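Trainee: Numbering (the working numbering), first residue to last: 3 to 122.
No lab work stands behind these hints: they were computed from the structure. Treat the hints loosely; a few may be bogus.
[As the list claims (entries may be wrong)] Okay, derived cross-link-like pairs now, SDA-like style, lysine to any residue, Cα gap no bigger than 25 Å in a straight line:
1) Lys41 - Glu119
2) Lys41 - Arg86
3) Lys41 - Arg19
4) Lys116 - Asn84
5) Lys53 - Ile21
6) Lys27 - Lys53
7) Lys53 - Asn22
8) Lys27 - Tyr40
9) Lys27 - Arg86
10) Lys41 - Phe103
11) Lys53 - Arg19
12) Lys116 - Lys41
13) Lys28 - Glu49
[What the hints assert, rightly or not] Computed spacing ranges between beta-carbons, pair by pair:
14) Ile21 - Lys53: 35 to 43 Å
15) Thr43 - Arg19: 17 to 25 Å
16) Lys41 - Pro94: 33 to 41 Å
Nothing here was measured: the structure is a model prediction, and the numbers come from that model. Even for Gly, the Cβ is constructed at its ideal location relative to N, Cα and C.
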Amino acid sequence: MPKSLKKLRSNQAWIQRHINDPFVKKSRQEGYRARSVYKLTELDDREHLFKPGMTVVDLGSAPGSWTQIVRERLSNPDGTLNGRIIAMDILPMDPIKDVIFLQGDFREREIADKLAELLA
């Protein structure tokens with residue numbers, strides 16, 4: 003079997019597994035951007051990572067599912083944010099209410115300076 007055909011079949015199999023994944027379905031139903039959201043919720047439920055008033059920097063934030071959870075966990079009952087969230091990624095990310103997003107590589111001076119300015 004040619005290598006390209008094997009790769010095509012492998013990609014098709016991954017797509018089928020992804021489409022049928024219960025966490026993918028659940029994340030879509032609940033309005034989250036990725037299934038990885040459940041990893042962070044499990045960690046936070048166990049370790050109580052996020053506290054009111056915190057500043058959280060989410061490096062490698064795209065597509066934004068972890069940022070969505072941090073936004074929920076730092077919100078007051080009325081939905082207002084009680085803290086600060088800075089999301090950063092090389093890739094673009096759709097906006098999330100009250101979240102500051104920096105697009106770029108945090109290892110680059112310009113982006114690092116912007117982050118330092120936001121944290122000052």
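Trainee: The structure should be examined with respect to each hint, and the outcome stated for every one.
Mentor: Going down the list of hints, with the structure as the test:
1. With a C-alpha separation of about 30 Å, the suggested pairing of Lys41 with Glu119 is violated against the 25 Å cut-off.
2. The suggested pairing of Lys41 with Arg86 holds, with an alpha-carbon distance near 21 Å, which does not exceed 25 Å.
3. Among the hinted pairs, Lys41 with Arg19 is consistent with the structure: their alpha-carbon atoms are about 18 Å apart, no more than 25 Å.
4. A C-alpha spacing of about 22 Å is found between Lys116 and Asn84, which places the hinted pair at or below 25 Å, so the restraint holds.
5. Between Lys53 and Ile21 the CA atoms are separated by roughly 34 Å; this puts the pair beyond 25 Å, and the hint is violated.
6. A C-alpha spacing of about 29 Å is found between Lys27 and Lys53, which places the hinted pair above 25 Å, so the restraint is violated.
7. For the suggested pair Lys53 and Asn22, the alpha carbons sit about 35 Å apart, so the restraint of at most 25 Å is broken.
8. Under the criterion of a C-alpha separation no larger than 25 Å, the hint pairing Lys27 with Tyr40 is consistent with the structure, at around 12 Å.
9. For the suggested pair Lys27 and Arg86, the alpha carbons sit about 30 Å apart, so the restraint of at most 25 Å is broken.
10. This hinted pair checks out: Lys41 and Phe103 have alpha carbons roughly 22 Å apart, not beyond 25 Å.
11. Distance hint between Lys53 and Arg19 is unfulfilled; the C-alpha atoms sit about 36 Å from each other, more than 25 Å.
12. For the proposed pair Lys116 and Lys41, the alpha carbon gap of about 29 Å is over 25 Å, so the pair is violated.
13. Of the pairs offered as hints, the one joining Lys28 and Glu49 holds, with about 23 Å between alpha carbons and a cut-off of 25 Å not exceeded.
14. The hinted range of 35 to 43 Å is satisfied by Ile21 and Lys53, whose Cβ atoms lie roughly 37 Å apart.
15. Restraint check, Thr43 to Arg19: a C-beta distance of roughly 22 Å satisfies the suggested window 17 to 25 Å.
16. Against the hinted window of 33 to 41 Å, the Cβ-Cβ separation of Lys41 and Pro94 comes to about 23 Å, which falls outside the hint.
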